[in-house]
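*Asks:* Read off the chains here:
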Amino acid sequence: MNTVHMKINGKPVEIEAGSNILAAAKKANVNIPTLCYHPDLPAWAACGLCVVKQENSPKLLRACAAPVQENLSIITHDAELYQIRKTVIEMILSTHPNDCLMCARNGTCELQRFAAEFGVREQPYEVRLVDLPKDTSTTSIVLDPSKCIKCGRCVQVCQDMQGVFALEFIGRGDHTVVSPAADLPLNDSPCIKCGQCSAHCPVGAIYEKDEIGDFVRAVSNPELHVVTQIAPAVRVALGESFNLPAGTITTGKIYSALRRLGVAKVFDTNFSADLTIMEEGSELVKRLTTGKGAIPQITSCCPAWTDYMEKYYPDMIPNFSTAKSPMMMQGAITKTYYAEKANVDPATIYSVAIMPCTAKKYEIGRDDNMHASGFKDVDLVLTTREFARLIKASGIDFLTLEDEKADSPIGEYAGAGTIFGNTGGVMEAALRTAYNLMTGEDLKNVEIDAVRGMEGVRTGEVDIKGTTLKVAVAHGMANVSTLLEEVREAKANGDEPPYHFIEVMACRGGCVSGGGQPYATTDEVRAQRIAGLYTDDEQSEVRCSHQNPEIKQIYADYLGAPLSEKSHHLLHTTYTERPLYKH
Amino acid sequence: MSYRNYILVCGGTACESSKATEIYEALVNEIKHQNLTEEVQVIKTGCFGFCEQGPIVKILPEDSFYVQVTPADAKELVEEHIVKGREVKRLLYNKDKSKKHAKVEDIEFYQKQFRIVLRNCGFIDPENIDEYIAREGYAALEKVLFEMTPDQVIDELRTAGLRGRGGAGFPTWMKWNFTKQANGECKYVVCNADEGDPGAYMDRSTLEGDPHSVLEAMTIAGRTVGANQGFIYIRAEYPLAIHRLEIAMAQAREYGLLGKNILNSGFDFDIEIRLGAGAFVCGEETALLASIEGKRGMPVPRPPFPAVKGLWGMPTVINNVETWANIPVIMLKGGDWFSQIGTADSHGTKVFALTGKIRNSGLVEVPMGTTLREIIYDIGGGIANDRKFKAVQTGGPSGGVITADYLDTPIDFASLTKLGSMMGSGGMIVMDEDDCIVDVAKFYLNFSVEESCGKCSPCRIGGRTLANLLEKITKGNGELKDIEQMKEIGSAMKKASLCALGQTAPNPILSTLNYFEDEYMAHIVDKKCPAGKCKSLITYNILEDKCIGCTACARKCPVGAISGERRSVHVIDQAACIKCGACFDTCKFGAIEVR
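Each protein sequence line maps, in turn, to chains S and D. Counting from 25, one number per residue, gives the positions in the first sequence under my numbering. Counting from 2, one number per residue, gives the positions in the second sequence under my numbering.
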């Protein structure tokens, strides 16, 4: 590691070469304000707040963009910089509605925070607001151009991080807006609803569609039997909204909170993650052993990813696992298997999923396959952020709740199910069970390091008693293209497929940093949440999906075997090519 | 083959728009008609610079300088000058001079000029590579290829002290040296021809009049830094320059001066043209490179500088047209020669587009260190219509105004910046007492606001707020606090904007506030526009003692706001008056006053 020695406000700092001045300042315990910089993204240098002074130079530097240099001496705060920053904040506020109390980001808004810190008490400049309607065309996210401060994070996220190119700057100068090409509604654009734009937006210009009201009405409706499921990644992130460290496992408190919110049954998506492994793992083994079905098999539990492939790589649809996502499997069996077992009329069941993801709101209405039970398999998706607000608004003192257990028969999970929430986790869970399916034996060491980690693309080989399984993992949508191009090329050349099994998650780090998770996600936070899931796995008595007693039970009592006809009807789906732009 | 006479017709865009092509064709036809094609050659050249007097026709060897020529004059020019050897006096610029022939050097407009960049403009046919070669064209390239090492080229540039002519004045040798030393799979050479300052046309004229000088220079740079590909980024609004560049490139390739294995040296270099859509911000180098790459033209933070990480992430030398045009001359005559021209801090010459309320508007090239007074009064011939000089604006929308007190300032990079303006790319607009300084600031601000890319908040928001404040002041609604706000926003924009466009956009306000605060105060406090420009702040009144009741004004008034019986004093209905000034212009008796 090359180290650079420099000074921040006179204090010596040692820092890795290639870092920016923001990072150097942080090392010197100094925070420099910025509205456009985000550690996930290259510096865009739009807001103008992070300007700092370089000793003996009249020009100001943007701390987000300027690299550290040996002997650099930087002043981060003085009277002039304070005034410049305050003026810039006041200018931004002059084009931003001051309806903070009614805003989706009230309390979490980065602009609001700086306005407070800089003591803005009046609006000195001419107010000019953007008078454009909200884009509510998707069922996942809302764009409010009137709130946009043109920081560019969403555009960078959408283009560079996710490779989707749904959002772009349109117009010039003060007519600039962020919008899909040709000013189309978001739903008619290539948007995959991953919601990373909403997770990165510093203000209330992009946010999840809030559906808390539907939940509240459902639980207060005596006719309805409300059941819930929570996704793996929710349990290690929700705590952040209650000031717990990222990665704190709050599963028991979440079950408890749900019961206090008035739901009839508390189930867990992790159960269906195990179910997914049974189906998807069997499907993989079948493709490998019978030669029927496209290789590599590619995971399909991420709805943003499936949407992406249907739009950008439709030729690879046959490679998709036909297994539904755990959430949709859980929904289908809730209104069939559970309804039968509990003797509840499925028509009265209101099925709610608490998810880290905005695309899940889209997924429940994807197509008719999402009505496999004969009803809407999942009625409502709330993101982690909505769920946190719901708990607070319901007066539940989350931190003092007793831990509770999930309900039977679809609430128990193996460690394999919980790591579905992080990159590499689906692959690892699948390999644990595939090993068993192919060899009839269980792995001695179920932790498969080859597929763990944070690199955007990871490849490895797993030995299954002499059979080598070539696997690859990609996360962060823009990273997937290298893998898919490799597969395409091999196919075009008539070569052996380079991989047997590929796991893809649209969001960097996986669902732990989904578009609906608590704000301020960085790689540090991702790592903590992922560590939380691995801890949850380690602490599980059962580590492999096929060993989950409730999984054994559902196959024995209801489904028969993986890939059975019933399974196919309830747990599998189809994919279809979709145009990038709807006309 | 040599001819008895050469007839040079200016083929710059300005003269072309005044029928230069028809003049050229009429002359060619006339020469044919007189059976003189063996003896007389008619050539369409680049810009002569003296645009005020265009279209210009110069006849050699007599060096007769004919101005404001029309196609109908062709016959007389040929019959009189060529056939009979008698100058057509009525078309000569300095027809009053007693000298037999009016030589170009005798014209004041040219006397204080020193032409390096424009050396060939108005002398050669830009569409004929032989004419460029005849004036030492491509000799510099040959020298660089066969007699100089890349380090020697850079040393020569360092000795010359050439600084970038695009506005910022960065030493050219340093840029080249950074790129030469940078590692990259490949490297690029880029010509910034995205000239966009209002009123500026130095680069356009250079490319129209002498395209090979730029091609030669870019090839020299390619050889020096190790690049094999060049791009010329030029706005699509310059069709003639593009056309001539395309011809020049084709001819250079044909002559082995561009393309593979140039002059059998083993060095490959080729150039492509990239058309810009005319966004001012694309003149900013990082935005320009983004535009070449096919992205939205928005600046990105520097460092990394393009010299190290430029086009497609590769080391890239990017220079402005005028900078390029200097290079071949420096290589041939040497850095020492160049460094003798100009001032201690700024060597060589600078081309200015001299416009506004000036008698001789046009393109002028002067040694650095020439004073503003020399340019405006000696070259420019002073203020038009005998009005009083008020200020001169340099640096376009990034610059500021300079008042009469500073007219003796020798022009160089440092001195203009010290006065709150800047060298910029060379726009120079002269203002007289009829120009309202607040209105001028508003004009430039509106330009910058329209041309802002919208990326960074200080420029995007601050610019519009400033422009609206100026609008408010010129409308008569200004308040004293507006001045403070303008200073506050202006200073934040200067410091916190991302690129030079935003950083310099407030200059027109800050500089006019500095020199003409009284005039702002007159608008704000007295609600008066001293120059009589701001419509909301003026009224037209008919003076009783001067009006003879001729009814001319009433008939001209487009809104019927003037009434009065014939031969009696007329009256303007102030509520109906739209302040168009038609009555003022119409009245022959000075009976209409502006207050």
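Source of the hints: derived by calculation from the structure; they are not laboratory data. Among these hints, one or two may not hold up.
Which bits of chain D does chain S cover? Going by a derived footprint, with three or more residues having C-beta under 8 Å, they are [said to hold, decoys possible]:
1) 443-452
2) 460-468
3) 481-491
4) 494-505
5) 512-522
Examples of chain S residues lying across from chain D (beta carbon under 7 Å, computed) [what the hints assert, rightly or not]:
6) Ala69
7) Ala70
8) Leu84
9) Val112
10) Met115
11) Ile116
12) Asp198
13) Thr200
14) Glu247
15) Gly389
16) Arg390
Heads up, the beta-carbon is just placed ideally off N, CA and C, and yes, glycines get one too.
*Asks:* A separate judgement is required for each hint: does it hold in the structure or not?
*Replies:* We went through each hint and held it up to the structure:
1. 443-452: holds (count 3)
2. 460-468: This one holds; 6 residues, not fewer than the three required, reach chain S with a Cβ under 8 Å.
3. 481-491: holds (count 3)
4. 494-505: holds (count 4)
5. 512-522: Since 0 is below three, the answer is violated.
6. Ala69: holds, 4 Å
7. Ala70: holds, 5 Å
8. Leu84: holds, 5 Å
9. Val112: Since chain D brings a Cβ to about 6 Å from S:Val112, closer than 7 Å, the hint holds.
10. Met115: holds, 4 Å
11. Ile116: With a minimum Cβ separation of about 5 Å from chain D (threshold 7 Å), the hint on S:Ile116 holds.
12. Asp198: Result: holds, 5 Å to nearest chain D Cβ.
13. Thr200: At 3 Å from the nearest chain D Cβ, S:Thr200 passes the 7 Å test, so the hint holds.
14. Glu247: violated, 52 Å
15. Gly389: violated, 34 Å
16. Arg390: violated, 33 Å
The earlier numbered hints that this structure contradicts are 5, 14, 15, 16.
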